[in-house]
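Based on the hints, put chain B with the ligands in the right spot on chain A.
Residue numbers (my numbering), protein chains in the order written: chain A, 1 to 429; chain B, 1 to 429.
Careful: at least some of the hints might be erroneous.
Claimed, not checked - Here are the simulated distance ranges between beta carbons:
#, chain 1, residue 1, chain 2, residue 2, range
1, A, Thr-62, B, Ala-323, 29 to 39 angstroms
2, B, Ala-365, A, Val-14, 46 to 56 angstroms
3, B, Gly-83, A, Ala-32, 31 to 41 angstroms
4, A, Ala-239, B, Ala-235, 22 to 32 angstroms
Read the hints as simulated data drawn from the structure, not as lab findings. Using N, Cα and C, we set each Cβ at its ideal position, and we do this for glycine too.
Below are the chains, spelled out letter by letter.
Number of protein chains: 2
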Amino acid sequence: MSKPLKVALLGCGVVGSQVVRLLTEQAEDLAARVGAPLELAGVAVRKLGRKRDVPVPEELLTTDAHALVTRDDVDIVVEVIGGIEPARSLILAAMAGGKSVVTANKALLAEDGETVHAANRADLYFEAAVAGAIPLIRPMRESLAGDRVHRVLGIVNGTTNYILDKMDSTGASFTDALEEAQSLGYAEADPTADVEGFDAAAKAAILAGIAFHSRVTAADVYREGITEISASDVASAKAMGYVIKLLAICARSDDGRSVGVRVHPAMIPRSHPLAGVREAYNAVFVEAESAGRLMFYGAGAGGAPTASAVLGDLVAVGRNRLAGTRGPSESVYADLAVHPVGETVTRYHVSLDVADKPGVLATVADVFSRHDVSIQTVRQEGRGDDAQLVLVTHRASDAALSATVEGLRELDIVRAVASVMRVEGDETP
Amino acid sequence: MSKPLKVALLGCGVVGSQVVRLLTEQAEDLAARVGAPLELAGVAVRKLGRKRDVPVPEELLTTDAHALVTRDDVDIVVEVIGGIEPARSLILAAMAGGKSVVTANKALLAEDGETVHAANRADLYFEAAVAGAIPLIRPMRESLAGDRVHRVLGIVNGTTNYILDKMDSTGASFTDALEEAQSLGYAEADPTADVEGFDAAAKAAILAGIAFHSRVTAADVYREGITEISASDVASAKAMGYVIKLLAICARSDDGRSVGVRVHPAMIPRSHPLAGVREAYNAVFVEAESAGRLMFYGAGAGGAPTASAVLGDLVAVGRNRLAGTRGPSESVYADLAVHPVGETVTRYHVSLDVADKPGVLATVADVFSRHDVSIQTVRQEGRGDDAQLVLVTHRASDAALSATVEGLRELDIVRAVASVMRVEGDETP
Ligand SMILES: NC(=O)c1ccc[n+]([C@@H]2O[C@H](COP(=O)([O-])OP(=O)(O)OC[C@H]3O[C@@H](n4cnc5c(N)ncnc54)[C@H](OP(=O)(O)O)[C@@H]3O)[C@@H](O)[C@H]2O)c1
Ligand SMILES: NC(=O)c1ccc[n+]([C@@H]2O[C@H](COP(=O)([O-])OP(=O)(O)OC[C@H]3O[C@@H](n4cnc5c(N)ncnc54)[C@H](OP(=O)(O)O)[C@@H]3O)[C@@H](O)[C@H]2O)c1
Chain A
1 MSKPLKVALL GCGVVGSQVV RLLTEQAEDL AARVGAPLEL AGVAVRKLGR
51 KRDVPVPEEL LTTDAHALVT RDDVDIVVEV IGGIEPARSL ILAAMAGGKS
101 VVTANKALLA EDGETVHAAN RADLYFEAAV AGAIPLIRPM RESLAGDRVH
151 RVLGIVNGTT NYILDKMDST GASFTDALEE AQSLGYAEAD PTADVEGFDA
201 AAKAAILAGI AFHSRVTAAD VYREGITEIS ASDVASAKAM GYVIKLLAIC
251 ARSDDGRSVG VRVHPAMIPR SHPLAGVREA YNAVFVEAES AGRLMFYGAG
301 AGGAPTASAV LGDLVAVGRN RLAGTRGPSE SVYADLAVHP VGETVTRYHV
351 SLDVADKPGV LATVADVFSR HDVSIQTVRQ EGRGDDAQLV LVTHRASDAA
401 LSATVEGLRE LDIVRAVASV MRVEGDETP
Chain B
1 MSKPLKVALL GCGVVGSQVV RLLTEQAEDL AARVGAPLEL AGVAVRKLGR
51 KRDVPVPEEL LTTDAHALVT RDDVDIVVEV IGGIEPARSL ILAAMAGGKS
101 VVTANKALLA EDGETVHAAN RADLYFEAAV AGAIPLIRPM RESLAGDRVH
151 RVLGIVNGTT NYILDKMDST GASFTDALEE AQSLGYAEAD PTADVEGFDA
201 AAKAAILAGI AFHSRVTAAD VYREGITEIS ASDVASAKAM GYVIKLLAIC
251 ARSDDGRSVG VRVHPAMIPR SHPLAGVREA YNAVFVEAES AGRLMFYGAG
301 AGGAPTASAV LGDLVAVGRN RLAGTRGPSE SVYADLAVHP VGETVTRYHV
351 SLDVADKPGV LATVADVFSR HDVSIQTVRQ EGRGDDAQLV LVTHRASDAA
401 LSATVEGLRE LDIVRAVASV MRVEGDETP
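Only chain A is shown next, with the shape it has when bound in the complex (with noise of 0.2 angstroms):
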C-alpha cells in the first residue's frame, strides 16, 4: 500500500456531504482499490457555521479554497461547488499546481470546457456531471472509442422528466405537476435551469463533444423548454400510442461532416425503451455503427447518487496518479461543425384547428407540399363548425417545417396552428 493521496474538497452541499460521508465509510474499499489510502486534505466552503449533512471535523473546513488547492501536500482537488467562478478559478489554481481534478460541473464544463480543458496537466474526470451516477462518460470516451456514434438521444435533466411523467399519468397541466415536483424536492423554487432546458442544454453539450470527438459549448445548443406543453399534448400524444419527453439530442447530419445538439420535448413512441424512464430517472440511448442500439439508465442526480460517480472518479485519477500517467484527454480531432437546428432534420406532430369544409384539406396539404414536407398521416376529427387536424410528417428539415408553419398560419381556414412538436426515435430500426 502506497502513502495516502491527499484530497481537497471543495464544496460541502448536497453533493460534497456525501462524498465526506462515502470517503470516511467506505476507507478500506477505496484504498484496496486506489492501491493507497485518500484522505480529506480539507474542505471548502463559503460559511463555516452552517450545519452540514454529514459532520465533518471542524480542523478541516476552511472558507480559503484558493489556499487549499494550491497546497504542496495535496494530490487530488474535488470540486462540487457548482457555476461559473469561482469554480473555474480554483480548477485552474489546482491543475497549475499538477493537481489531478474531479468535477460535477456541467456549467462550467459545457461554458468554458476549453479552458479547462487545455490547462488540465493531469486528470479531469466529470463523470458527475451528466446524468448523475449513470456510467456514460467513461462507456461513451472509452468503451465506444472503436466504433461510430450516429446519434445520443437522452432524458437528462431528472426534474422535467418527473414533472412530464406526471402529466402524462396523471392528466396534470403543467403548473400543477410543477408544483408537486416542488413540494417533493424534485424541483427548485426556482425551476428555470430545469424546465427552460438549460441544465440539459449544458449536459448535451459535453455528451456531444464526447460522442463525436468535437468541441460543443453550451452556446451551440438549441435549446426549448417544457412549459408550454399542455395536459392536451400530452393526452393527444398518448392516444396516439406516444409520450413526451424532454429529450437532448446529439446527431451526426446524414453526410456525417456537422453534429446537430438540441434540446427540446419530443413525442416518442411507447414503445421506445426511453418511454419507459419515469419519475425522475435519467436514461441515454446511444446509437452506434457496429454497437447498435445502447441504453444507460438510472438515477441522474442526489447527493448519494452524485458521489457515487465522483468517488469511481476519484478511485480513477488516484490510481492514475500512482501509476505516474493519464487517462483520456479531452479528444477533439474530429473538429466537427454544428449546424444550425434549422437543418435538423427529423418528422413532426402538426396539430391544426381549421374551419370544416370542403378542400381544406387540399389546401393544408398544399402548403406541405410546397415546401417539399412529406405527409405521412392526417387524422380530421369534426368539432361542429371546426375541426381539429392532425398531421405527421415524414423527415423534414426544421427549416422546412417552420416555413411551412408560416404558411399555415396565413390560411383564412386555419383557424390556429394548436402545436407544433418533433418525433422522434420511431425509425423503423
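Using the frame of chain A, we list chain B with the ligands on its own:
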C-alpha cells in the same frame, strides 16, 4: 503520431471478421484515438481456404497461431477463437511475451480466469465477454469503483430472452419458440449452452467477480435452464402482472459476508425495467449502495456489436501501451465466499394441483409454516373436484422452500406441485 501498434488476431469467425473490417474501415479514427495506427500483423484461423465474411489479405492468414502470438513485433493479441484450448495456451504464450490481450472468451475467463489473470504482465481486457456491445465490465470495475454493489440482475443471454419473449407475446410453447429462434439464427442447432443456462452462468461468474472484488468461477454458479418453462407458466405469470426471464443474479448475502451467484428463470413484475427487454436484447440491472438502481441495455451478441466492444478495448490497451502503463488489473481483495444456493433468500411462486375439499388450504399453509416460509398471497381456483392453489411467499431461503415443497409432495390432498418459480425484482425499492 507514434509508430504503429501491431495487432495479432486469433480467430476470424463471426466476431473476428468484424474486427478485421472495423480495423480497416475505422483506421483513421482509431489512430487518432489511440495516438498510433493499429496495424493487423496476422490472422490465425483453423482452415486457410474457408470463405470469410470479410476479405482478409491472404498473406496475413496463418494456421500457426502460436508462431503469430510469439512474434516479437506483435504488441497486442486479440483472442476470438473461443473455448478453453487452444485459446488459453495462446493467451498465456502472448502474456509471457509481454503482449497486451483483448479477449471475448467468457468460457475461459469463467472456468480458469485465475490462470490467465495471474499470467497477465500487461493488460487483459474482456468487455466483449459479457453482454456483447454493452459497456458493462468497464463501468462496473471503474465507474462503480467508489461504490458498493449489492446486487446484479442480468438478462445476459439473447437466445433465451428471444424464446421467452416469444412465449410471452404469442403464447407459443418452448419448443415452437426455440424452433423459431433457430430458423432466425438466434439459436444454434445445438442450443444446449444457451437454453440450459451454461452461457449465462459463465457471464454471471465474471460479473460477480467484478462486482464483489472476489474470485468466482463457473463451477460456483447455481444453474437452471428454461427448457421446463411451459406456456401455462408464462400465461399464469402474465395474468399476475409478471413476465418470466432467465436471470443471472449475483447478490451479496444480507450480512454482506458472502455472495450468491445463480442463473435460473424467474418471474419479475412488468413494471421492472428488465421486463421491457424484448427479443434478443440483453440488459443488466445493478443495485449499488450510493448509485442506486442502474441499468445497461443493448445488443448482447452478434459480430459487429461484439467487435465494437473488442475495438473499444483495443483502443484502451493501445493507449496504455503508448503511455507505458496498465489498466486496472483483477481485483479480488474482498475474497468473499460463494454460498450454496440453499442459503439464497428470495420469494417464490408455487402452483399446486389439489383436491377441492374443506381444510385443504389449512393443511397446505401448515406445511409452509412448519418450514418457516411465510405466505404473502394465495389464490384458489376451483376446477370440478380439483382446484389450483397459487401461493406467493415472502422472502425465504431456498433450503426452506425446498423442504416445504418436499412436504407438500407428501400430502395426499396435493395431486401435483405444478410449478415452483422464484420471484425477483419486486422488493419495494
Ligand atoms: N445536487 C445534485 O443532485 C447534483 C447532481 C449532479 C451534479 N451536480 C453538480 O454538483 C455541483 C454541486 O452541487 P450541489 O447540489 O452539491 O450544490 P450545493 O448543495 O449548493 O453546495 C454547494 C457547496 O459549495 C460551497 N460553496 C459555494 N460557493 C463557494 C465558494 N465561493 N467557496 C467555497 N465553497 C463554496 C457551499 O458552501 P456552504 O455550504 O458554506 O454554502 C456548498 O457547500 C454543481 O456543479 C452541480 O451542478 C449536482
Ligand atoms: N458470436 C457472438 O455473437 C459472440 C458474442 C460475444 C462473445 N463471443 C465470443 O467470441 C469468441 C468467438 O466467437 P465467434 O462467434 O466469432 O466464433 P466462430 O464464428 O466459431 O469463429 C471462431 C474462429 O476461430 C478460429 N479457430 C478455431 N480453432 C482455431 C485454432 N485452433 N487455431 C486458430 N484459429 C482457430 C476459426 O477458424 P476457421 O474460420 O478457419 O474455422 C474461426 O475463424 C468466443 O469466445 C465467443 O464466446 C461471441
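Problem - Whether the CB-CB distance between Ala-239(A) and Ala-235(B) falls inside 22 to 32 angstroms - result: holds, 30 angstroms
Handout entry: Range agreement (Cβ of Ala-32(A) with Cβ of Gly-83(B), hint 31 to 41 angstroms)
Key = holds, 33 angstroms
Exercise for the section: For the range 29 to 39 angstroms, tell me whether the beta carbons of Thr-62(A) and Ala-323(B) fit it or not. Expected result: This hint holds: roughly 35 angstroms between Cβ atoms.
Problem - Status of the given 46 to 56 angstroms range, CB of Val-14(A) versus CB of Ala-365(B) - result: This hint holds: roughly 48 angstroms between Cβ atoms.
Figure legend: structure checked against the earlier numbered hints; every hint is met.
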